[in-house]
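Taking UniProt numbering, the leading residue of the sequence shown gets 1, the next gets one more, and so forth.
Keep in mind the hints are simulated off the structure, nothing from the lab.
Check each hint, because a few of them may be wrong.
[What the hints assert, rightly or not] Heads up, simulated DSS-like pairs for lysine-lysine below, C-alpha to C-alpha not over 25 Å straight-line: (1) K15 to K57; (2) K15 to K51; (3) K45 to K57; (4) K45 to K55; (5) K15 to K55; (6) K45 to K15.
[Claimed, not checked] What follows is a list of derived Cβ distance ranges for each label pair: (7) A79 to Y13: 39 to 45 Å; (8) Q21 to S76: 46 to 52 Å; (9) E81 to G58: 32 to 38 Å; (10) A79 to L4: 33 to 39 Å; (11) T80 to Q40: 54 to 60 Å; (12) S14 to G58: 17 to 23 Å; (13) S71 to I27: 50 to 56 Å.
We put the beta carbon where it would ideally sit given N, CA and C, even for glycine.
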Amino acid sequence: LTALMTMNELQPYSKSGAIVQEVFSSIRTVFAYNSSEYEQLRYNKYLDSCKHESKRKGILFGCYMAQNIHSLSEASGAATEIWQILDDEV
1 LTALMTMNEL QPYSKSGAIV QEVFSSIRTV FAYNSSEYEQ LRYNKYLDSC KHESKRKGIL
61 FGCYMAQNIH SLSEASGAAT EIWQILDDEV
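Using the sequences and the hints given, assemble the complete structure.
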């Protein structure tokens, strides 16, 4: 699932990179037609999509890690109690 979300996150980065490459390859045309604002809006549209996908992936990853951290802390607490019992008996 995280691999799928990573792929969804990388697609807008790819498209925004293509826009940058296109603009830099024809920078004279962009300035001649005064379309720099249009190109910025087009680029920002894909970056907003990247930000949205990154947030979704972060939330999902946080949910996965929260379960692992909770299990680890429970196991650590149980081990501490077991060692205290063993120390009291000795």
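Hint check:
For the suggested pair K15 and K57, the alpha carbons sit about 19 Å apart, so the restraint of at most 25 Å is met. Restraint check for K15 and K51: satisfied, since their Cα atoms lie roughly 14 Å apart, inside the 25 Å limit. For a cut-off of 25 Å, the pair hint linking K45 to K57 stands: about 19 Å separates their Cα positions. Under the criterion of a C-alpha separation no larger than 25 Å, the hint pairing K45 with K55 is consistent with the structure, at around 16 Å.
Pair hint K15 plus K55 holds up; C-alpha atoms about 19 Å apart against a cutoff of 25 Å. About 10 Å separates the Cα atoms of K45 and K15, which keeps this hinted pair within 25 Å; it holds. In this structure, A79 and Y13 meet the distance hint of 39 to 45 Å, their C-beta atoms being roughly 43 Å apart. With their beta carbons about 50 Å apart, Q21 and S76 fall inside the hinted range of 46 to 52 Å.
For E81 and G58, the hinted distance range of 32 to 38 Å is satisfied, since their beta carbons lie about 34 Å from each other. For A79 paired with L4, a C-beta distance near 36 Å keeps the hint of 33 to 39 Å intact. For the hinted restraint 54 to 60 Å between T80 and Q40, the CB-CB distance of approximately 56 Å keeps it satisfied. Restraint check, S14 to G58: a C-beta distance of roughly 20 Å satisfies the suggested window 17 to 23 Å.
Between S71 and I27 the beta carbons are some 54 Å apart, a value that agrees with the proposed interval 50 to 56 Å.
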